[in-house]
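Trainee: Using the sequences and the hints, build the whole thing.
2 protein chains.
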Amino acid sequence: MRLSKYYSFTLKENPSDAYLVSHKLMLRAGMIKQATSGIYTWLPLGLKVLNKIKDLIRIAHIKNDVYEILMPTIQPSDIWIKSGRYDDYGKEMLKISDRNDNELLYGPTNEEMITDLVSNDIKSYKDLPKLLFHVQWKFRDEIRPRFGVMRCREFLMKDAYSFDLDYENSYYSYCKMFILYMKIFKLLGLKIIPVKAASGPIGGALSHEFILETSSGETQIFYDKRVFDHDVSNVNLTNKTDAIVATENILSLYSRTSEKHDLSVFKNTVESQNQIISNGIEVGHIFYFGTKYSEAFNANYINNKGSKELIHSGSYGIGVSRLVAAIIEANNDDRGIKWPKKVTPYDIGLINVRSDNDTCNCFSENFYKKFSKKYEVIYDDRNVRVGDKFHNMDLLGIPLQIIVGEKNLLNSNIEIKERVTGKSELININKVESYLEYKCEF
Amino acid sequence: MRLSKYYSFTLKENPSDAYLVSHKLMLRAGMIKQATSGIYTWLPLGLKVLNKIKDLIRIAHIKNDVYEILMPTIQPSDIWIKSGRYDDYGKEMLKISDRNDNELLYGPTNEEMITDLVSNDIKSYKDLPKLLFHVQWKFRDEIRPRFGVMRCREFLMKDAYSFDLDYENSYYSYCKMFILYMKIFKLLGLKIIPVKAASGPIGGALSHEFILETSSGETQIFYDKRVFDHDVSNVNLTNKTDAIVATENILSLYSRTSEKHDLSVFKNTVESQNQIISNGIEVGHIFYFGTKYSEAFNANYINNKGSKELIHSGSYGIGVSRLVAAIIEANNDDRGIKWPKKVTPYDIGLINVRSDNDTCNCFSENFYKKFSKKYEVIYDDRNVRVGDKFHNMDLLGIPLQIIVGEKNLLNSNIEIKERVTGKSELININKVESYLEYKCEF
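From first to last, the protein sequence lines stand for chains D and G.
Counted the way the numbering used here counts, the first sequence spans residues 1 to 442.
Counted the way the numbering used here counts, the second sequence spans residues 1 to 442.
The reader is advised that the hints may include incorrect statements.
As the list claims (entries may be wrong) - In silico SDA-like links for lysine to any residue, alpha-carbon gap of 25 angstroms or less:
#, chain 1, residue 1, chain 2, residue 2
1, G, K5, D, D65
2, G, K95, D, Q34
3, G, K342, G, R58
4, D, K54, G, N64
5, G, K82, G, R28
6, D, K126, G, N361
In short, the hints are calculated from the structure, not lab data.
For clarity, every value in this text was computed on a predicted model and none was experimentally measured.
Mentor: Shown next as structure tokens:
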């Protein structure tokens, strides 16, 4: 991508109305633009990151036999009346009347709609289990939208739903999704703390939140620091015992939100040097709610003895648009964003120091043409001051900066700077290809 | 994908409430399910097709320097009041009040929002041209939603917008998008007729629709059949003259909707053997509207002499969800869907004729494991009657059916049937790999 042609308008100053660092940086880097209170347009750079996160999450689900569907944003109110939740969301639910005065609403979540759907399709115990997910825009009419896409009104959520024969099978689905979430957050390069949580308006007996620890987070958490000792990357999710044992190992350690916190249990069961009290951002939330929605929608199946049974269910959400901001909260410095490799909008930022110099131009153009075939390269080919180019590339947070200057080129070198460490090295132009292969590998 | 585990529930009978063949087949194949009037859930098979079409369109735009953004579904009403269009959509616009009684609406299109956006970012003639697009759900509160996703209320649209210095440059953008659309429809395997059209509530001087000819279509068209003689695949869109000449070549032939039809011109300029009067489905619509929205939003730039000028704009829409139905209208028979290779949800349908036979099972399992790495394979491993498997695979419309039977296996053969022609051949199992390579290449 050539910056001279791209839709990229950055700000030098911090916007006065932004408080969170992620909000400031997303506005300054030209990733988002507010359309109206709590509602945002995603600009090219922001959308690239959002799509990368979305696709990483989608693929992780599909690989594990969670199938993708897409429910609409607009829902009929009758299914919410049926579940008894029509008033639970209060004024946060955006209610709508259509031209025929039918009551509709912009979905804040989809338990009703999906239970209604499967109740028509599932007939027999042979049709179970089923795990489904979708990634769709939701709307919650927050009283005070703030912090950019961290707490906005129209937001992108991945929500999955499990349908099982009974509690035992449903518990396996819950553990499978629990470990899948830990794997996804690890892939995203995030250190996430799973905590026991209240289930809120979704309801149900079993519920965990996934918290990204940052000082700016609104959720207070209390946990045993050994929770980080568990590596889930080798857990085989198709194996019931593996998934359950791995989950229970993690959950055996104290880790709770303030609603579930019990000071005496915390003090008595966690050694004092392991007690952590901290803040974070909720980026995922999972629920087992049993037959709560199946009852309302007659979602049942015929068991192997010929009699009817209610389906057991759970739901599993990740805040996809919020994750963009959360990742920035965890990866930034005073110069700008520092993208982890898996979600960076571009792998390489190419800076032509002297756009008035033929040697620099020619090398940069050739580099851009050659390496764009293999990597995502953003090329600052603009005719602006070199200081602006450096500041801009740091702000955008591209992991590797290739700096093409006349003097270095005369010695057959280019400078390569890593955004995360700030360190730069001179690399011989004949070794650039293998250097990039090494640095860009995932 | 193993059908035994997949979320795929097909219907043997035609649903009584569906009139169009695409609507019937989408319901029967388990691609969509109505959530409420004119609002649909996309099930796994349907969503795969929707995503393939969406991504093909997205990539074609991005490759041609049209950059992707994502505007929200919910818009503030004030920008519509500013453009003077707040009442133009009448009752088709879904108006909403939020908790603070702010007037919002579910976007039926995005000219206002994007002009408001660029009016803040574009300062100088150096910032132009810009072409942007997004693929987002829209809502139009149709008085009589019908024909499934062909005429529904919540639908997926790709809408692009061009921003240029003046009429001349804007005309180039218009021609570039015109030819890009012809290329996209060709990639999708569709024979599309571009016709001169009325511009409706979008406004503007220049407007063309892209029509897929089918007898069930609601749009009547009148055209010179030589319009199909133009091959656009080699037109270089970065070359202004090429794009304009190619467009004008096509537009020199008579081709109009009924609103723009002029019988005497038709009779006098088109030889009688070339006169076609026909029906079709609108799948794309493009508009040049000049400074209509720039004026309302003060979207201007400083020209190279230092004075202010208004930006010239156009918009370019493709009905992405409608295309799924349109493609089925053009590709089906009385047994079901016949997917073109580019948009098929799966490349290969594997039918194990004898799930009670070890040889057949073993071969099918190995085939599935081996070829799933290279192709998208849907494997009917269910324990149902073989007649049901054949009917089901024909209904789903998978281009190549691999039929594994005991007798053929004893002779080291499998049967391969092409869905489009209905022809089948026996292929030696040692030649299957090269046969598939030949048949599945695009």
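Trainee: A separate judgement is required for each hint: does it hold in the structure or not?
Mentor: Hint check:
1. G:K5 / D:D65: 8 angstroms, holds
2. G:K95 / D:Q34: Distance of about 20 angstroms is within 25 angstroms: holds.
3. G:K342 / G:R58: Given that 25 angstroms is the threshold and the Cα spacing comes to 14 angstroms, the pair holds.
4. D:K54 / G:N64: This hinted pair holds, its Cα atoms lying about 24 angstroms apart.
5. G:K82 / G:R28: Roughly 45 angstroms separates the two Cα atoms, so the pair is violated.
6. D:K126 / G:N361: The hint holds at about 20 angstroms.
Consistency note: the structure conflicts with earlier hint 5 alone.
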